[in-house]
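Participant: Each chain, written out:
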Amino acid sequence: MDFHFTPEEEAFRSEVRSFLDENLPAGANTSDPAFIAEWTRKVRAKRWVGFSWPKEVGGGGGSIMQQVILKEEMAKRKAPPLGICFMGLAWVGPAIIQYGTEAQKQRFIPDILDGKYQWCTGYSEPGSGSDLASLNCKCVREGEEYVVNGQKIWTSIAMWSKWIILLVRTDPTPVSKHDGITCLLVPMDTPGITVRPIKNMSGGSMFAEVFFDNVRVPVENRLGEEGQGWQVTVSALAHERSSIAEVEGLRRKLEELKELARKSRKNGPRQPSGIYSGALEDDGIRRRIARFEAKIEGMRFNGMRALTKQLRGEPLGAETSINKLLRAELEVALGEIALEMQGSAGHLEREVDGGRWQRFALSWPEVVIGGGTPNIQKNIIAERVLGLPKD
Amino acid sequence: MNFGFTEEQDLLRQEVRKFLDAHCPLEEVRKLMETPDGFSRALWKQLGELGWVGLTISEVHGGAGLGWVDLVVVLEEMGATLFPSPFLATTIAAAAIREAGSAAQQARWLPSLADGSCIASLAFLEPSDRWDAADVALAGRAQGKGVVLSGEKVQVLDAPSADLFVVAFRSGDAVSLAVVERSAAGVTVEATPSIDQTRRVGRVRFENVAVAADAVLADANEATLGRVLDLATAAVTAELLGAAGAALQITVNYTKERKQFGSPIGRFQGVKHPLAEMLVDVESAKSILYYAAWCLDERDPDAARAVSLAKAYASEAFARIGVDSVQLHGGVGFTWEYDPHLYLKRSKWARPAFGDSDFHYDRAIAIGEQ
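Each protein sequence line maps, in turn, to chains C and U. Numbering-wise, our numbering puts 251 at position 251 of the first sequence, and it's gapless, one number per residue. Convert by adding 391 to the 1-based position in the second sequence; the result is the number in our numbering.
Chain C extracted, bound-state conformation:
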């Protein structure tokens, strides 16, 4: 056990830090599109967009430790994302690198790295949520084209995307439900596609329903073999590997929460002078915050245990699912306690800190439900780690 870094790793960390000193000065307006465009150009030039991808396809070829260091330093400084094609970088790109034809790689990978346009993900259907493999979107081959009919739902940023990575059923009567699924790459402006945004509980629209009515897709847009779609999806999602960035995000959130607890008067004991102390002096509030700290540290070191296994080439155990579950719990709980500490003003839209905690407390479902609900994560842990029989 050793938490020290090698001189090479430390050198890389210094390189990242000096880059940040130079290009992300304090007070930089990271919501300014011009700033983001400039930032994206610079990190692309450093090859930090797609940093883990092989150099041959235009990635950075970064080692696992370098990836960790880069993510950590970026998260510590609240840096804008490395690249703007979120889903392209997270799983569409990795899937194309692994399963795509040479032509597909040349056509899509440079655009993903340059952030030319957005990708969205057509996996879930109204009848297939947690049980994704039961998906039913119809797809029939006619000559050199596939014809798609059906519906997807919870498709994030569908309204702003140029392409969709789509799972369809090419075999309606497979032996196992995981067979007979095929993965297609489809331009969103193909005739027959209709997007209907879904208004969510915070009032905005991040995801949408997507309808397919006789949508014709050239066979050359198939990713992997026909019937191989499940495998393509699963191995692409496995690229979502470490939770380093999430943990750093939660650690920062915890510091902000402590700040709120110092200034909030909710339940703070009354001093002899008549002044009320901050909520951090309230036993109940303070200990709940300490519990969050313990769980976030648990996540942090679970992540390091997983990372060590990865570096040793050992298979990953339960760490990923454990951290997903902890993160889900924390995302909800941090928002809840923040509003509770604001007392009677907790439900007011923008009375405290401009309403950022209210927005936070209404945004967790995206994270908590999006990556597989907590109950599904518990099933995964119970079955795959504890070896309990499948339900």
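Relax, there's no trap hidden among the hints.
Computed footprint of chain U on chain C; a stretch qualifies when at least three of its residues, placed anywhere within it, have a C-beta under 8 Å from a C-beta of chain U:
#1 282–295
#2 305–312
#3 368–379
#4 382–388
According to the in silico footprint, chain C covers these stretches of chain U (three or more CB under 8 Å from chain C):
#5 642–654
#6 697–705
#7 754–761
Source of the hints: derived by calculation from the structure; they are not laboratory data. Ideal Cβ placement from N, Cα and C applies to all residues, glycine included.
Put chain U on the given structure of chain C with help from the hints.
Facilitator: Below, chain U alone, put in the same frame as chain C:
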């Protein structure tokens, strides 16, 4: 960066597990817990010969010279089988002598602790039930160059079998440590039976016990005592998490076997989900503990916060696991014959030992606010 155990540590774990499986499985633990001593002197002697009693004592004093990360490995295994022995007590007492004793004092006592010939224990807690080094109140009155101790210590680990006590006391503003033999005039030991029969604790009274100057540990002060408590807390947490993991495992095994409504009950989500939650807690608390143990070995400034977070999280988790594992066993969980109650009872000792969750959560936040 490397956050895993070494091959040597993995091997050590296997050896300890093999030894305990062969010589002290739960059936044997059940026999030992009914005896007056509560542990096997023969096994204790073997443990000394294998070099495990002196695991963390330096080589010049006859120990193996290993660190707290290695100790965690051994204690997790001992916790898993609720191995009854004065190992934890002697290890903590040795740490106190190492941290606060002069070279001569270490040379005087550590060799007999390392080979197991002397069972020792840290006498810290007082009836005030405070785990802070600053709250030590047992009076040490100066007499010549030495001190005279008067007062009472409670919950002293393995007091009934201990030959030697390392006693925390106060003279004026200063907190210190004295090494006192059980046989010294004025020392009386009273066993205070625990509902956890695999764990022995006692009350130790000091009535005008004269301690020579050379038996007052030379570097004992609030800071060194604080570090001793951190080392002790990490050790307790390791043993606790070993026990919690085992309680989870026996419950998983049971729910795979036990059939109701035509299938093993482990198939039902109402059973599966609490088991998954237990694993999340055990593994996450272990991760923090491993980091804490590393910090202690490296004397990293983050050690105290890490120890407190680990103990706080682990105590709460084990308390719930103890209860849930009895519950998930259904009716048999309530019987003497099945094992869950042994772990449930251990959790009642472990939760408050060296500070409960409230104490350590408060401490972790206080450290962060400094």
